[in-house]
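Take a look at the letters that make up each chain.
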Amino acid sequence: MSKVRVEHLTKVFGKKSQQALAMVKENKSKNEIVEKTGATVGVYDASFEVNEGEIFVIMGLSGSGKSTLIRLLNRLIEPSSGNIYIDGEDVSKMTKEQLREVRRHKINMVFQNFGLFPQRTILENTEYGLEVRGVAKEERRQRAEQALDNSGLLSFKDQYPNQLSGGMQQRVGLARALANDPEILLMDEAFSALDPLIRREMQDELLELQQRVQKTIIFITHDLNEALRIGDRIALMKDGQIMQIGTGEEILTNPANDFVREFVEDVDRSKVLTAENIMVPALTTNIEIDGPNVALQRMRKEEVSMLLAVDRKRQLKGSLTAESAREARKNELSLKEVIDKNVQKVHKDTLVSEIFNLIYDSPTPLAVVDDNDRLMGVVIRGTVIGALTDIESKDETTHEGVTTNA
Amino acid sequence: MLNFLQQPIPVSDWVTNATDWLTNTFAGLFSVLQTIGQFVMEGMTNGLLLVPPLLMLLIVTAVAYFISGKKWGLTAFTFIGLLFIYNQGLWTALMNTVTLVIISSLVSIIIGVPLGILMAKSEKAQSIITPVLDFMQTMPGFVYLIPAVAFFGIGMVPGVFASVIFALPPTVRMTNLGIRQVPTELVEASDSFGGTGKQKLFKLELPLAKSTIFAGINQTIMLALSMVVIASMIGAPGLGQGVLSAVQRSQVGSGFVNGLALVVLAIIMDRFTQNMNRPKSNKEPKTAKQKKVITGAIIAAIVVLVGGTVISSMLGDKKETVNLAYVEWDTEVASTTVVSEVLRDMGYEVNMTPLDNAIMWEAVANGEADGMVAAWLPGTHGTQYEKFKDKVENLGPNLEGGARLGIVVPSYMDVDSIEDLSDQANKTIVGIEPGAGVVSAAEKTVEEYPNLSDWNLMTSSGGAMTTELANAVKNEKEIVITGWSPHWMFSRYDLKYLEDPKGTMGGEESIHTMVRQGLKDDMPEVYNVLDNFSWELEDIEGMMLEIENGTDPVQAARDWMDAHEEIVNSWKQ
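Listed in order, the protein sequences are those of chains F and Z.
Everything in the first sequence is counted per the UniProt record's numbering, starting at 1 for the first residue and increasing by one.
Everything in the second sequence is counted per the UniProt record's numbering, starting at 1 for the first residue and increasing by one.
Simulated from the structure, these hints should not be mistaken for laboratory data.
Do not rely on the hints blindly, as some may be mistaken.
Selected chain F positions facing chain Z (in silico; Cβ < 7 Å) [claimed, not checked]:
#1 N74
#2 Y85
#3 R104
#4 N113
#5 G115
#6 Y128
#7 G129
#8 V132
Bear in mind that the values here come from a model prediction, so they are computed numbers and not experimental data.
Think of the CB as a built atom: it goes at the ideal place given N, C-alpha and C, for glycine as much as any other residue.
Bound conformation, chain Z alone (with noise of 0.2 Å):
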């Protein structure tokens, strides 16, 4: 007994087993069904952005005018909104998200409606399944990220498959408890008249239960919607993106424009469902014109998506589409922008993904991602590089030297070594994202010097750390965090970077650009471009306190671009 308390159960190993087997045996359904899923959602939304934004906002609002029962609030806020998202140029991102919460939607009500018609008619499906059910909605959904990278890699299906999963149990729940719900008398009426159980469903408890199970598919759609953000960790393109990359650069501006672009889409979609789920106020009988009508709206809108995505793959896609991966670091964000510049210079279709750290090595490892110019070698991701580096190919530093990882101060504390480290600053290291590899660097730091051994390591994010410096510099307070170079801050405040005699930050490091196998032979031209990508590091840092000053990243990088003509010309050889 004393022996099981000691020894920690290996939950963990087990789950990553199962996942691994997972993974490997279903190796050809998950890559179907990513095939099918991206197929159908680049689609989809290659359709939804043919129509004209301007067009499109006429006919959403049009519709709001009609769901709505012609009333004005609903009809304005639907025109405003719409109007506002499209004037701060996040139509597309709009878009994006909204093919992935009506995928999600879809598929949670396609599996839960039938889930919840087996749970109300068995009592033994009900005991199970609603255990289940609590784990679904309590399990943070962050977790769903994880298994969702390791089946379908990054991009939009993962998104869609961990939305469904935190989606889906009020769907399930509501059509449980609407069926339920149906008075016993009206059952025994069905039955007494010798109504199959099938009759009894379709003629009576489904129609019954609608109301409850709209009210299910609303909270489904809703949930949906949240998940949507948080899977942009992984690559889900969208509005969330947006508020992501706002939140690890702490740029207040732009998070509250895409949380606000979200909150008007969560608005819509909720009432246009609520409205869906009206009790006709006039209980008249649809007419048969009246059906003909809906029939032929819906059908006419199936096919203009269907149409979209038939098109939009025949004509659109001549051109080949690279997809980069990077990590919102302000390094990143410059060298990335301007590599996807260039490369669409020449005719490409570019994706930027922003993605985590380590599940950026993972898509280029596993081929989802073409290339990415972020590798930091050989210290920060010496991890990731060891447990890749078969699956990658190296195409050489894109930054040599200059790049280092280390623990920074403000200059007026009086410390210049991490041996010097006492109480300063609450004994606290500020850190950026925990899968960071400046913070890995920095565990092993605080573990090394005995003189950190009672000091904190507080992760964050990249944004979080900077806004935290900037106050503590402001107030002349002390701070400590994990600095690296090429970064804006060292040219914008007074900072040092502490000594290391035990090293254990690393040395000098490079940037390295990896890409996957088999560029060379797919995408000669870009392979070539990625290989010859370099650079120095006033280029980058140049450019990065540009746009730490308000410029657009895009923008920034052609400047930069305007300006070297040269490099950029020698890149393309």
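So here's chain F without its partners, still in its complex pose (with noise of 0.2 Å):
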């Protein structure tokens, strides 16, 4: 028995949506139906079932209709046709009243740029949906206070949400959603609103959320790795259609189509590999100015045993490993004297073929140079064993329009 049901789900924006639809059924394109019709087909045709306790994501690009769709199950937007069924209840029937006490009880949402209430506190928000549906004051404080604590933000109760930070706030929103106890959370590309760092911690935490309180979870996103990372299954949406729905491991291996295909590849086709693709930063020591101490501090810091050692005018000068930059300072030495100046270089346009041999002898990363043998970058193992993969199952495509981003 699966939890979320949905047949045949079909939104359509504006007048003429007949007319729309029959084009949609042609394969015409988004932008080629609003110009004829001036309808927008937001979502055409989805079918899919979610399983209870399962995290569902719907994946797709900006304007695929993953957002339309994700409102359509709690009818925040009417269907224009197709049903919802939540534990075999057809939501796309209900009056207002019933649909009411499925939002107030079954299913609720968490939003992109967090939808707090800027005028009520953390506490306040947080008891929002169970003040709505008439709870008492003391037991509704409570439970708030429990949700609160359970994401660790209870000593910020009684603060405003524009004092907390991006990720605080959406665990705020979160909180709100779980202090209702809902059966079904909705999140809308809930993460995509917070810097890198804080957004892999909030995946870990709503994972490690997920073996607790085993919630069926309906994940918007359009980042392909975050999908990746937290969905038990995947639907890939384009043009307001489903294109294919599966495991992550699935859609990697067995891409329905073309534009899923593309889609998961981490690499453009169309791009014949040099190393200036798969250089990463270097980390360098500039060693005019720098001694011993600052490259050893510097060394600490970015957790590495060796930096690259460069002139002002980020010339290459050779490599610097711990021992050679202890050394220096125990016998007061420059840096200068004690680099290696064998170090491996390659030119910025060197084809990746011609990289592997390189670096399967060098201890060394191989260090990127332009053509005033100014360092721009290294390539480090990892990155070719990438590369590998990809050109292994690439066909030989031309080496016309060869670009490169200098």
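Need the complex rebuilt from these two chains, each delivered in its own frame; the hints are there to steer you.
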């Protein structure tokens, strides 16, 4: 028995919807349909099931209709046609009162920009769902505080949303939904407004939470990595239509069509890879200015045991290991005297295929330099192996139109 | 089609008929509203006046200090500004204006905020209401005075009615805007938790739109204030009357003082409402104690006002009130002031209401004013008398003969008759208020005399006309004016009436006293005084000149009464 079942769900915005739907069937693009009819197809003929306790991710580029789809599930947007069943009850046929009950007890939502009420404190925000339900003040306080405590925000309960960081605000948004103890959580790009580090943290938190609470979560994102990290199953959307539904592995191994294949490719296949495409920023030390202490300090901070040595003009001079830096410190030598001048250099336009052979022989990363011998970055083994998997599956494309982003 | 273009559409008739229909159909409702409104507002004014001015001044200053977050600028301004108003003797007028503005604003808010909510919630309502608001805001405020008088007569209530129409739109617009500006995501959040429309409105939309709504209310208060000034033309009491009479009598000084008092009031009201809307810098939620104090203060203020209303209505008016209407012409200021002073000596409360000519007649006819001593017959007010003679009681002349209208020029001009006019004075006759009798006569004159066919009649006001005259005489320039006697200008300058062979300006006139029907039974004493009141040309001209030379009208009336005790006593018989 699936928790949520969606059948042939369609939403067209604007007038002339019949004409627009006819054009969708002919596989016309969204732009064409808008130009012709003035109607926008938000979602077309979506059907899927979500099982109890799974995290179901809906993924797609912006404009693919994923936000519309999630709002159709709790009828913030009224569907044009199709049915939504929650626990076997058809939501799309419900009266206002029945729908209100469903929203109050079964299905809650977390928003991209947190959707917190600026004039209410964190606690008042958290208890909002219980408040509109008419739960007595004492009880809702207690439950809201419990939810905040679970997300480690209890001490902020009397603050206002604008006094909190983005990550904290989104935790409040989540706590607000969870305080209601719903069976289904809708998350609309919940982590997209956060910076990457916080984002990872929140993803981990969500997975951890899911271990404990076992909710049915419908999660929307435009980020493939996010989808792969948290999704039990993934649905991929394009122009309002679902292209493929499956586990991350299935989608990566058997893409249903070219669109999916392109979407899941990390690398742009139109490019012939060169050193420049796969290099990462180099960690350097300027031997004309820095001394051994500075170099060691940087190694500690970056958690590496080696730096590339450059001069003022970023000309590559060699490499510096932690041992040689320590030696320099002990014997009061300058860095110039202890660097290893033997560094493997490659030009930025060198093809990846040539780099393979070089990198196996070289203990140090390869330094990538430009025409003036200035250091641009380094190539490390990991990236080459990543690139290698793509190259092998790649047809020999032409060398025309090779672009480099100088 | 051509027919249609040649025939003017009788829009004016339609509007007149519609207004008449409304006036007759809802007469009961209007009079109930008028009674209630009058009672509430007079009570409130009296309540405000019960508080000694200096105490009130200190209270308002203290409120200014706390409301502005303990800034000294506003506090000092409030204190000095109010002290200035008190010092100029405008305190009563100020309290009247405050009452009018507060009631107008309250009514506007009570109507406007729900209307704004309705607009925000319904596209249809928005498309219907928006053009109506545009119409309300761009129609000159004066226009609203006309139906206001038809519905509610003269006094405070029509003033409020006109102010509300004029001042309502900003509150409605800003409420609508504020609610529509609430971010979609928040509205969705409220909906997604199963909040009802009502919960969404009170928990989310109104709190978030509060500051926008307050900005609208602030605008509404400012508009109400400006409209209250205009409404003094139909008898709304307060500072506006001072401004209006200064305009009509061209008194720069007194106009400036009254205007300044209004500026002070406007700035205080503006800053108060803006500061109420200040976002709290430290977002500390109000403690229960603070809430109690605020609620207590509000309740206390209401109790004071209501209590003032009740107390003043209970012990105050043991005195009977006489309402005298008059026009702001120097003749009528003189005679009406004298009559008022006599009645006050007899223990009556007297309200002198300056009105426009036509409205003055209407007020007496409707029984809103008890009487007037300013009816010029047979010529000047002939039309009005025709219209209202069944509804007023004519007590006969209070100034026999000597009164006349005419076209007046300085003696140095070498014209003696209207027929001699050709191209003097830029072919312009300087007139007074458009509604005045002498202006209608002059219009007829311009039509009747062929040599005046291309002349202009430029209307202004009594005061503006005398100022023009003074400038012309000083520079020995040509000027042609609509003049009348008795008037102090004849004592001050060397002027002459032009002969009027066609008699269009009317002959000798008398000034009559008119009272409402039923006055004889209601207030026999007052009726008697009005019936007996009559005096001579030199009496009135002497008093007018004294007023013109800067004596306060009341003082001038007192001086005259002291000098003519016998005459005054004969009126009281």
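Results of checking the hints against the structure:
At about 6 Å, the closest approach between the beta carbon of N74/F and any beta carbon in chain Z falls short of 7 Å, and the interface hint on this residue holds. Interface restraint check for Y85/F: the shortest CB-CB distance to chain Z comes to about 19 Å, outside 7 Å, so the restraint is violated. A least Cβ separation of about 4 Å between R104/F and chain Z falls short of the 7 Å threshold, and the interface hint therefore holds. Restraint check, N113/F versus chain Z: the minimum CB separation of about 6 Å is within 7 Å; hint holds.
The interface hint given for G115/F is met, as the beta carbon of that residue sits about 4 Å from the closest beta carbon of chain Z, less than 7 Å. The closest approach between the C-beta of Y128/F and any C-beta of chain Z is roughly 6 Å, which is under the 7 Å cut-off, so the hint is satisfied. Below 7 Å, beta-carbon pairs count as interface contacts, and G129/F has one with chain Z at about 4 Å; its hint therefore holds. The restraint placing V132/F at the interface with chain Z holds, with a minimum CB-CB distance near 4 Å, inside the 7 Å limit.
Against the hints set out earlier in the document, a violation occurs for number 2 only.
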